[in-house]
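Visitor: Residues per chain, in single letters:
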Amino acid sequence: MNEKSLRFALKHLCYAVSMLVLFTLQTTPGLFELWGVKPILVVPFAVCIAALEGEFIGGLYGALAGLLCDLAGSWVFGFHAILCLCCNVAVGLAAIYLVRRSLGSVMLLSLGVLLLTQLLGYFFHYAIWGYEGVSLILWRHTLPAIAYSVLATLPLYYYTAWLEAKFPQQD
Amino acid sequence: MKEFLHSKKLKILIVLLVFLFAFMLRAVWTGGSATLLGQAVSLVTTPLQKASAAVSRFVDEKLGSHLRIDEILAENEQLKAENQQLTEQLVDYERVLLENEHYQEFLGIKEENPDFDFTSAMVIGRDPGSRFGSFTIDQGTLGGVALHDPVITAEGLVGMVTEVGANYAKVTTILDVASSVGAYDARTRDTGILTGDVALAEEGLCKLTYLEKTSGVTAGDLIVTSGEGGIYPKELVLGEVLEVGQESHGISLYAVVRPAVDLGQVKDVLVITSFYGQAGEAENE
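Chains as they are written, first to last, in this note's numbering: chain A, 1 to 171; chain B, 1001 to 1285.
The reader is advised that the hints may include incorrect statements.
[As the list claims (entries may be wrong)] Capping the alpha-carbon separation at 30 angstroms, the derived lysine-lysine pairs in DSSO-like fashion look like this:
id, chain 1, residue 1, chain 2, residue 2
1, B, K1009, A, K11
2, A, K4, B, K1011
3, B, K1050, B, K1267
4, B, K1008, A, K4
5, B, K1234, B, K1267
6, A, K11, B, K1008
7, A, K11, B, K1002
[Unchecked claim] Per the computed footprint, the stretches of chain A lying under chain B, defined by three or more beta-carbons under 8 angstroms from a beta-carbon of chain B, are:
id, region
8, 69-75
9, 80-88
10, 130-143
It is worth saying that the hints were derived from the structure and are not from the lab.
We put the beta carbon where it would ideally sit given N, CA and C, even for glycine.
Assemble the whole structure, with the sequences as input and the hints as a guide.
Guide: Shown next, in the form of structure tokens:
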């Protein structure tokens, strides 16, 4: 294995381990909980990877992040995985062709992905069934969780950028 | 962009998408059984979650009291108020005695129900997307847990297993709007259905619906499971009635019930893996 391949393997090992650690942190009872709201960490992390690594790698990590979300929650298994895969491919392409790779643009892209995945989740899981007072869930849980998760993108972006710089692919 | 649309990478992503879609269809088809992919991922994640939950609990127990002094002072005030309330309730001696008998019955539930088989489990994960206190436990089919097994604590019923993998299970609590538990008032024997309500769930409460208009249910009554349907055993404590009101359609009454278990804070649970009268038991024998 040459040095370039080793760097590539180490970087992706770091990404995968970080994803698992973030998943563990986001599901640990009580951790990071503010007024009953917990942040989603794996989705913004996958968005950061997509923005820095491009559509293919981004899509793969998006699928992994989605699978972890499906595993933790009471969603239909695969729902978030499919959504996050598609969204992260779009994020990767946007980062290449449309927007400059900066903290601001990544936070906006993260907001877009979180809004799409969480609002669709809210729609299919709660709104569609017509439970009484269901909009309370949207205002008190879904939207605050999205806002909290977008804030979490800030450290995750710097962490991902640091990892990418630590294992450069160009000699 | 054109390059990507004709690349091998796009084909790989499409194949992955098709696989995920197939897994999703299978998950819908099989209901609460975990998919192979889910089980594979959980093999890695469950031990991590278990370790993290244990560390979190240790830190919470050791440092929590120092970090949450305001919360403890507020809790102390609340406990004082509750103590005052309880003292006033002692005046109604007969009623308290009756309730006490019900609690005694519950505490002796294991002795009275030797048919119960338990598996103890630890809460290892709470999803940020969970709105009704649902959680993941560290026991699955390998520990004898099956789909729709009731989950309890010493205080009362928590909910039901709604998804089970080899080494984990997901529990839906009685706060969930999709939950329905056959129940009755231990004092008056009036029956109803205990279900979740979006607004009440915000305060950790649930709703006993379909009470007859002539029902004598009043605040302070104890609500227990009726055992109808064979999903839950009979006479598990559900909670205490806080208030009674009339439904908007005017046909029946409802009661707001405070669950006996603090569902947002529960850390250890018991899964009832078998009990007399359990649905499907006759077929299994």
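Visitor: Which of the listed hints are not met by the structure?
Guide: none
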